[in-house]
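A.B. asks: From first to last, the protein sequence lines are chains A and B. So for the first sequence, the numbering used here puts the first residue at 1; every next one is plus one. So for the second sequence, the numbering used here puts the first residue at 1; every next one is plus one.
These are computed hints drawn from the structure, not numbers from a lab. Any given hint could be a false lead.
Unchecked claim - Taking CB as the label site, the calculated pair distances span:
(1) B/Arg220 x A/Ala441: 17 to 25 Å
(2) A/Arg553 x B/Asp79: 50 to 58 Å
(3) B/Asp97 x A/Glu569: 18 to 26 Å
Glycine residues also receive a C-beta, built at the ideal position from the N, C-alpha and C atoms.
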Amino acid sequence: MRIRTSSVFVCSGIWLLTFVTCFGRAMGQVPGMDSKAAELLPDTTIAYVEMAPLSQVMDHPLVKHVMSSKPYKTLLRNPEVVKARGGLTLAEFALGDKVTSLLAKASERGSYLAVDAETQGVVMLMHAQDEATLNDVVTRVMNLARQQANNGSGPALKEGEYRSWKYVQSDQGVAAVMRDWLLLSNKAELAKKIVDAYLDGREANLQGNPRFTEANALVQNASASRTHQGPKHLAWAFIDIETVRRLGVAPQAFTGKADNPAAELLFGGLLAILKQTPFLSSEWTMSERSFSLSWLSPHDPSWAGAEREFFFGPNGEGEAKPLFTTSQPILSASIYRNISEMWLRAGDLFNQEVNDQISQAESGLTTLFSGRDFGEDILGAIGPELRLVVGKQDFDDSGPHPAVRLPQFAIVAQLRDPKTMQKELRRIFQSLIGFLNVVGAMNGQPPLDLDSEKESGVTYTMATYAVDADASYTDPLPIQFNFSPCLGFKDDMVILSSTVGLAKELAAADLSALDHQQHASAQSSGVVADQAKKNTILEVHSAALKAVLLENRQQIIAGNMISKGQTEEQADQEFQSLLLIADLLKKVAIVLNVGSEVALQLTVEVQD
Amino acid sequence: MGSYDNERPPQKNLFDEIDPQWAWSQWSPSGDDPWNRQRAAHLHRRAGFGASKADLDNSVAKGFEATIEQFFAAPPENDPLMRESEQLARTIVAARDPKQLASWWLRWMRFAPRPLIEKMTLFWHGHFATSADKVPDCELMYQQNQLLRNHALGDFAKLAHGIAKDPAMLLYLDSAYNRKAHPNENFARELVELFCMGEGNYTEKDVQELARCFTGWEIRRNRFRFNPYQHDDGLKSIFGSNAIRSGEEAIDLVLQQPAVPRFLVAKLFKFFVADEPAPPPELLEPLTKRLIDDRLNVKGVVEQIIMSRLMFDPRIIGRKIRSPIELAIGTLKALEATTNFRFLADSIQLLGQNVFYPPSVKGWDGGRAWINSSTMVGRANLVYALMQNEATRFAGGSLEDWARKQGASDVASFIDVVVSQCMAVAPPNAGLENILRQAKDWRGNAAWTKIIGVLAALPEMQLG
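Please construct the entire structure, taking both the sequences and the accompanying hints into account.
C.D. replies: Have a look at this one:
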């Protein structure tokens, strides 16, 4: 029997975690020596993340690209960052190595994070290449931690023994080295369980949880389907939703009725899945210029029930239309949501308070829409495929400008009965403009001029604010001058836009080309099977967003000075940081695919 | 049998026994009554909105007269803070939201290098009250605010003439169209009753004749315009004079009335010295004479009040009830704090002092009107909420960092720091010991926040 020296260490300010270590125990072959992390973790584990070695992440072309980019380098010059890096440099001097290098050595065979329901503890396991490497890392960190504990700049260390293993403990958590495994936990009880499993073996472990196996398989399948065209994942995660539900964690998410109609519209279907699915799995991938985070779940169309058919469509086959975009896009979204059905099923979906509010709103809206039932007649006239477009708008340089320059936006939908509804909606639009003029006049607001025109088979009804030479509206103009509301009809398509220009741009779009793009995009995503339908698509583009931010620079800085009590210099610095993010990122996309599985994928593209 | 009140001996008016000559002669520090941090804090509270410990130490080091000089000095030219604030105001005006303008002004009260000018601007805002509820035009409200600021410590006659042609004021008093066939009496009435003389110093006939003088005064495209076709050009008989034709002549005549300086001095006394009791006219006589001698230029009178023996008399310290703005801005200044001024404007509104939105043409009553069972709780909650607000920073850091810099290492020393920085008079020891007992185990930032919240509920915190 060999005497092995394990180390226990405590980490202070420089580390996020504080360690307790076990050392000095006679140890030969133990059951846990060749175990996987999931075999060491208890079967009461409700969340698990498995990460690739840090070195693999740090050496990834995307990470290298970001770290060599101008915005990142500018960010490093930010005084707050410089201050933080100064502290880090001092620590690294004491450690004799870079923190990232030490972390990479400690996690050369992967790292794992888990949440245990029984102890309500969090544990991190790092698997080093070998025992000697890990001991070297631990010794360096321990020396610094002891030094900091002694001079009072780090947490106090407390030593003890567990199963003849010595350990050191701080008030923030525990850590142990088990040969080539490093264990960190905020709960000593959970750390003991894992040490026990390592020494004695454990029958009831996470690896034996069938939901864990299924989740792993789901991720592996998704990864395998991408092999020829996309990267392998750098991390994957599992959440045991069935156990979480059983334990009564966040009961509002799994039971009860919604209290927020907007959240129900956007995420109601996902809540329905959370109420039924046994687990969620997730994977994180990186390519040369993007990273993606996907959440996957098994799916059965019956889970949504009749009340959430508005979200997924009949038999879960509702599909969003291709995205519309503009010349200077900020946000494009396309969703499948039968709003009329949601409105009419409000009694099943929402709590009493929301239903009371909906009843009140319905009464007012019915009056506004000339006695027509809002839910059935007005919303019912619109198909479930809805598209939203937000883009930067250009202002005529020769005339006065609004002080706050807002983006333009439009909603595009299909009419179920275009012949009847076009006339009806036009009349409602005109009434609404008249109503706005009456209310506006009472508040000293400028009036809207109504007009209409027909161009290339598209009819437009529009209202514009005119800069009257005789009026008192001088540069800068009130915020209303961002709007020239317009209602356009093209075949069965209706466009409701905040500006005439955007309505015309959308009406001129080549729909068949958009369909082709969507088909190509669906084939390349590779997260779920090809027959899956895109239920929700959303894209945010940074270039036009940055332009809008710059146009409103003074207003944003003023807002920060008022709401954060900042000086102009501080507010400007914060604004510059915002621009840096826009400089670094190119596009953010969210796609919800629905088929035999459900996959919610977030992709962030960085600038070249 | 008389009522309970009738049976009580009549209360003595504190000011009855004070010699006017003594009261308004200049206070000079002496060995018995030195210029120290307490005296400096009193001066900063009355002539401004309060000060940090560093500012007080600076004032003490500089001396009494140099500190007073600084309060009355003209705003520095090209001051970066002022430029920054003006730019901020212009941006907010462009966005056309008067509520944001209130946030801007509160921010400026906190940071203005000449707090007396802002304090006087606030005084005139209550005096020439105009509400954005009725005049939602941000630019006009800002324009009026600048008019008040420009004349804050200047010639009242110029200010009165300016306000008579101020678009926001005339719109507020429904005087945007004043035609000779139907003279609008609103402005004429407020000119004599609320702006210049006070009730009992004019007749209804005077008001009617004054109103005729202002016919043809109009607001067009947000600018004052004199419309000669709508002006009643006949001679008017006002205060016994029969030679008045124009609005300008009418204002000059009003300003010549002896009630005007008396009326202004009484208001300034209440604003700077004591909410109550009302002083006897003899006590105010030297100030009235000074205002007449200065041809209604208020700077000299304000200076005389602020530098006076009466101002530094122990009976006057803590004799005013702080308005919600004085409480909030004073606390922020004392703690070297900055915060979310939008939140502050909204919170102060709930306590009845919404700048740019005075409750009526009479402005704010002030004094005891600030305090009732609901506002007492509200005021403590306001201070506590300010301390908790995530945007609030104390000298750029957390409250815990600030306390450490002030040398407060435990609850007792922290209470000492807050009491000496934020209160005009110290609370009774028993009250503080009670807080100390409750808070003995409190630690960290949350504890300091809570302690300030508890102290803010004490009556002494409400005094200025």
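A.B. asks: Each hint needs a verdict: does it hold in this structure or not?
C.D. replies: Hint check:
no.	hint	in the structure
1	B/Arg220 x A/Ala441: 17 to 25 Å	holds (18 Å)
2	A/Arg553 x B/Asp79: 50 to 58 Å	violated (23 Å)
3	B/Asp97 x A/Glu569: 18 to 26 Å	holds (24 Å)
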